[in-house]
Amino acid sequence: MRATDRSRLADILGRNEDAILSEWMRHQLAAGTLRPDLMKEDALRNESRRFLGFFRQGLERDGGDPRGPAWQEARDALDQISTTRARLGYSPSETATFVFSLKQPLFDRLRDEFRDDPETLTKELWGLNVILDHLGLRTTETYQKAREDVIRRQQQDLMELSTPVVQLWDGILALPLIGTLDSERTQVVMESLLNRIVETGASIAIIDITGVPTVDTLVAQHLLKTVAAARLMGADCIISGIRPQIAQTIVHLGVDLADVITKATLADAFAIALRRAKLAVTPQVVS
Amino acid sequence: MERIPILKMGDCLLVTIQVDMHDRLAMTLQEDLTEKIAHTRARGVLIDISALEMVDSFIGRMLSFIASMARVLDARTVVVGMRPAVAITLVELGLPLTGVHTALNVEKGMELIRADDQGAVNGRRQA
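Chains as they are written, first to last, in the working numbering: chain A, 1 to 287; chain B, 1001 to 1127.
Any given hint might turn out to be false.
To be verified - Lysine-lysine pairs mimicking DSS-like chemistry, simulated, CA-CA at most 30 Å apart: (1) A:K278 / B:K1108; (2) B:K1108 / A:K263; (3) A:K103 / A:K123; (4) A:K225 / B:K1108; (5) A:K103 / A:K145; (6) B:K1036 / B:K1108; (7) B:K1008 / B:K1036; (8) A:K145 / A:K225; (9) A:K103 / A:K40.
Keep in mind that the hints were calculated from the coordinates and are not lab data.
Here the structure is a predicted model, which means the values were calculated and not measured.
Generate coordinates for the entire structure from the input sequences, incorporating the hints supplied.
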């Protein structure tokens, strides 16, 4: 019984595919989900046509359950569309409207078809509603997943970008820290610093915290750990870029930085490092 | 029984740990080394742990102890060639080996001992 119902809808869809497609396009355009800055009308039409094809296939093969294997292609196509839109910068509702705007044209068709049979009409409408709602929710879910992927990747990039170890001179490394130091980042910072010490054979490392917004006990502890690890590798650390407010905070928190050389600016720290390495910078004498 | 060789180089002792340190071996090393320092009147001890891939708290503490004992016998201990992973582990274990001198490699460790020796002419090291 249900199967024949479904195939009836598929039948209607098959007969009026082009008309439904153009109506659907009209609705999408009216709803403002086409972002002319992001996607051309042609591209949207192609996308819609492809999805409508899969949608009909799903209806033909297995009616009412959009979670079944018959709907695999439709779901895949939808996932792809949502993911692409998430990356392009569509909003979630703009993405979901793609599916929801299909309701109106299909409902209209059903109404025309079953004008004399309210019972079948209601049943058909309900079935269609369930399918489209499910697919609509799916777009949002996929959209969110794609966005989360983007965020995760950016976090990763940020983590790697924000821990550069630069060589200032033979045997002198600098580690300009930017952003908050949490345990995960400290681990990355520590590893990259220690590896660079091995690579370059450096004996002095300057940790510059000008870009660290706040220093609390945890951050201080992470810094001290990094200093201790570098010392175990035979490199001395100098902490530089301590702003006045941070100096006040450190003392008020009772953090003990007595074992570490601290300097207000990177320049001061570099001067110390040069002196330790028995090097000197002298002004050029112009004759 | 397995032993870690202790080589004499001038007035320095060189210990290269090439095998995985287990507790018993560490104890033996401690005994051998103190005896050797006293016997040869060595000024410096270089412990090369560049082949050591793993440390636990016991080995970390043993290194600390050995350094302190050598200090009592008036020899300076320098631990050289620690791997980054080992350094991180020791710090995470809360054993930053305070009081132990460290250097990146044997060469730098040797320099450290020499510099220290020269600097201490007026200290208690003067014979």
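Results of checking the hints against the structure:
Proximity of A:K278 to B:K1108 is assessed by CA-CA distance (about 15 Å); at most 30 Å being required, the pair is judged to hold. Among the hinted pairs, B:K1108 with A:K263 is consistent with the structure: their alpha-carbon atoms are about 26 Å apart, no more than 30 Å. With a C-alpha separation of about 15 Å, the suggested pairing of A:K103 with A:K123 holds against the 30 Å cut-off. Of the supplied pair hints, the one linking A:K225 and B:K1108 holds, its CA atoms being roughly 23 Å apart against a limit of 30 Å.
Proposed proximity of A:K103 and A:K145 is supported: the alpha carbons are some 25 Å apart, at most 30 Å. Between B:K1036 and B:K1108 the alpha-carbon distance is near 23 Å, which keeps this suggested pair within the 30 Å criterion. Restraint check for B:K1008 and B:K1036: satisfied, since their Cα atoms lie roughly 9 Å apart, inside the 30 Å limit. Distance hint between A:K145 and A:K225 is unfulfilled; the C-alpha atoms sit about 36 Å from each other, more than 30 Å.
Between A:K103 and A:K40 the alpha-carbon distance is near 23 Å, which keeps this suggested pair within the 30 Å criterion.
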